[in-house]
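Given these sequences and hints, build the entire structure.
Sequence lines, in order, name chains A and B. Last residue of the first sequence: 289 in our numbering, with the numbers rising by one and none dropped. Last residue of the second sequence: 294 in our numbering, with the numbers rising by one and none dropped.
Bear in mind the hints are in silico, worked out from the structure with no lab data behind them. Built from N, CA and C at the ideal position, the CB exists for glycine as well. One or more of the hints may lead you astray.
Cross-link-like lysine-lysine pairs, in silico, DSS-like; alpha carbons within 25 Å at most [unchecked claim]:
1) A:2 <-> B:122
2) A:4 <-> B:184
3) B:210 <-> A:94
4) B:191 <-> A:4
5) B:184 <-> B:122
6) A:2 <-> B:184
7) B:184 <-> A:200
8) B:281 <-> B:210
9) A:94 <-> B:18
10) A:200 <-> B:27
11) A:4 <-> B:122
12) B:191 <-> A:2
13) B:122 <-> B:18
14) A:94 <-> A:200
15) B:240 <-> B:149
16) A:94 <-> B:65
17) B:149 <-> B:184
Not the full set, but computed from the structure, chain B residues with beta-carbon under 7 Å of chain A [unchecked claim]:
18) 139
19) 244
20) 271
21) 272
Just a few of them, taken from the derived set where beta-carbon distance is under 10 Å, the chain B residues facing chain A [claimed, not checked]:
22) 20
23) 23
24) 243
Listed below, chain by chain, are the residues.
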Amino acid sequence: MKRKEYVWAYLFISAPILGFLLFAFIPLSYSVYVSFTEYSGYQPPVFNGTANYEKLATGDELFWKTLFNTFYAALGIPIGMAVALGIASALNQKIRGIRFFRTMFFLPTISSVIALTLLWKWIFNDSYGLLNHLLGMIGVQGPAWLSSERWAMPAMIIQGVWAGLGINMILYLAALQGVPRSFHESAEIDGAGRWQRFAKITIPCISPTTLYILITSIISALQDFPRFQIMTEGGPNYSTTTIVYYLFTNAFRYMSMGYASAMAWALGLLILLITLLNFWLSKRWVHYE
Amino acid sequence: MSNTASVNATANGGWRRKKQAGARVRKAAAYLFLTAGSLVMAIPFLWMLSTSLKEQGLEFEMPPKWIPETFEWSNYSFVLTEANLLQGFMNTMLVISLPCVVGLFTSALAANAFARMDFPGKNVLFTLLLATMMIPGVVTMIPTFILFKHVGWVDSWLPLIVPGMFGAAAGVFLLRQFFMTIPKELEEAAKVDGMNPFHIFVRIIVPLSKPALITQGMFGFLAGYNDFLGPLIYINSPEKFTLQLVLASFQGFYTSQWTYIMAGSVLALIPTVLLFFFAQKYFVEGITLTGMKG
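Encoded structure:
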């Protein structure tokens, strides 16, 4: 009887487990090997020891530049989180038309990244774009945005924050709704002001959500690239080439699959390290009930 | 005695009035903030729509007209037919239908086993599956490409279709969270009647889980519809381009012809925006379900 149920259960899970083996485990293991080879995708891979990793560490300035760019772009994360929390707090006061507001902020989340990126490329157009037109109306001469080495990345950050608000706002709203009212009431009786309560009650109560958003945002920010490809093609002068963009170019344009695999592993380990560090640091600021 | 009581009462009343006034100010500020924010969200979309309806060349008029004098609908017919957007849309639908339907089914079956059945190795296997959600896509991208190249699937839709049919770890996770909330007693009776686990799943669990299944189905649709990297890596022939690839290629074909590019972008947004309007509730619940109970 029991054993029969086991067979059913194994049948039920067989497809995702097989998928894991075929499309995660085997490729991952193979990728470790490829990262120690020179491999164009046409001839069989040729083992070349740690040459790829040495090149990464010492011989490739562009790699470090793209790594820096990626972290620069990630500055959008705290900005986006703060704005999302602000919106969620505003929505959390029995607001009428909450569905309308929620929809407005959520629209970019469900929209095609390519369409939004093309839209913003047009908005950032230095002579005919909407943004510089609006800036001109308040007497500000807007920069050349995407064609300026200095302003291209800030433009990408603005676009990223705008496009990513929706999901964080919904997560924060759900978390805020879960903060027990009694906590606020008793603090109010003790004479705590509004800001004090926000800092001492709300923030700690929603800290698990903050951690969740932080970790998932960092993981996806470190791999962000299609919007960079469409909007700036990594330029000007590599100022917006992110690490995954660089990796993609190496793998599929220059066909250096071995070197790109080494880069992928370096990035993968970096993501793992940052995630672990996040969890470790979170012990100091995340409060579970 | 009564005097002090009334003094207290007025003081108290004043405090309450002040508090109510404060609440009103705060609410007004919240509306103001939300309206301003909504404008920041909406204006780019309105600008997109406005540009898409302008006559070729008039998009460079300064100051820009928000409402064009004549609506140039031909921009839309041009991008749909001449610029192959419709073809791209059909290709996308062909590519994502199988992973959406079959993938949802396989994910749900596995989620059912992880949520409601006992078997040796359950926790290890579930953790393993969850771990795949943590593996950066970048790391598997290259070896998976090599794999598909070896079996001769490059420049076909198969690399975009086949992996999805095995189910997605995120889907298994979301559905498991939901299935755990269904009371165990429901299937005990069915077991006594001699129903096998597959029948129990189809007849009892599935009908009770429609909202979660719809949510996961929509997430799958959304991910497939908006996927760019997959088609970018695997598809070379223009006639096999998915919608997103066709749209991205506009940049090269219609350099600075923003009316066409915006018309294409508007069209690309319509399916998912419609979907969201009709099923907003499911999206919101799905996101909170996976985000909160991790």
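Evaluation of the provided hints:
Proximity of residue 2 of chain A to residue 122 of chain B is assessed by CA-CA distance (about 14 Å); at most 25 Å being required, the pair is judged to hold. For the hint linking residue 4 of chain A to residue 184 of chain B, the alpha-carbon distance of about 19 Å falls within 25 Å, and the restraint holds. For the proposed pair residue 210 of chain B and residue 94 of chain A, the alpha carbon gap of about 29 Å is over 25 Å, so the pair is violated. In summary, the hint linking residue 191 of chain B to residue 4 of chain A is supported, as the alpha carbons are separated by about 13 Å, within the 25 Å threshold.
As the CA atoms of residue 184 of chain B and residue 122 of chain B are separated by approximately 18 Å, the hinted pair is consistent with the 25 Å bound. With a CA separation close to 17 Å, the supplied pair residue 2 of chain A and residue 184 of chain B stays within the 25 Å bound. Restraint check for residue 184 of chain B and residue 200 of chain A: the C-alpha separation of about 40 Å exceeds 25 Å, so the hint is violated. A C-alpha spacing of about 13 Å is found between residue 281 of chain B and residue 210 of chain B, which places the hinted pair at or below 25 Å, so the restraint holds.
Only pairs whose Cα atoms come within 25 Å are accepted, and residue 94 of chain A paired with residue 18 of chain B is accepted, the gap being roughly 19 Å. Straight-line distance between C-alpha atoms of residue 200 of chain A and residue 27 of chain B comes to about 22 Å, which keeps the hinted pair within the 25 Å bound. For the suggested pair residue 4 of chain A and residue 122 of chain B, the alpha carbons sit about 15 Å apart, so the restraint of at most 25 Å is met. Only pairs whose Cα atoms come within 25 Å are accepted, and residue 191 of chain B paired with residue 2 of chain A is accepted, the gap being roughly 12 Å.
Restraint check: the Cα-Cα separation between residue 122 of chain B and residue 18 of chain B comes to about 59 Å, which exceeds 25 Å; the hinted pair is violated. Of the pairs offered as hints, the one joining residue 94 of chain A and residue 200 of chain A holds, with about 22 Å between alpha carbons and a cut-off of 25 Å not exceeded. For a cut-off of 25 Å, the pair hint linking residue 240 of chain B to residue 149 of chain B stands: about 17 Å separates their Cα positions. About 38 Å separates the Cα atoms of residue 94 of chain A and residue 65 of chain B, which puts this hinted pair outside 25 Å; it is violated.
Among the hinted pairs, residue 149 of chain B with residue 184 of chain B is inconsistent with the structure: their alpha-carbon atoms are about 46 Å apart, more than 25 Å. For the restraint placing residue 139 of chain B at the interface with chain A, the shortest Cβ-Cβ distance is roughly 4 Å, inside the 7 Å limit, so the hint holds. Checking residue 244 of chain B against chain A: minimum C-beta separation of about 5 Å stays under 7 Å; hint holds. Given the 7 Å rule on beta carbons, the hint for residue 271 of chain B is violated: about 9 Å separates it from the nearest Cβ of chain A.
Annotation: residue 272 of chain B was flagged as interfacial toward chain A, and the flag holds, the nearest CB pair being 5 Å apart, inside 7 Å. Against a cut-off of 10 Å between C-beta atoms, the interface hint on residue 20 of chain B is violated, since the closest Cβ of chain A lies about 14 Å away. At about 8 Å, the closest approach between the beta carbon of residue 23 of chain B and any beta carbon in chain A falls short of 10 Å, and the interface hint on this residue holds. At a threshold of 10 Å, the smallest CB-CB gap from residue 243 of chain B to chain A is about 8 Å, leaving the interface hint in force.
Against the hints set out earlier in the document, violations occur for numbers 3, 7, 13, 16, 17, 20 and 22.
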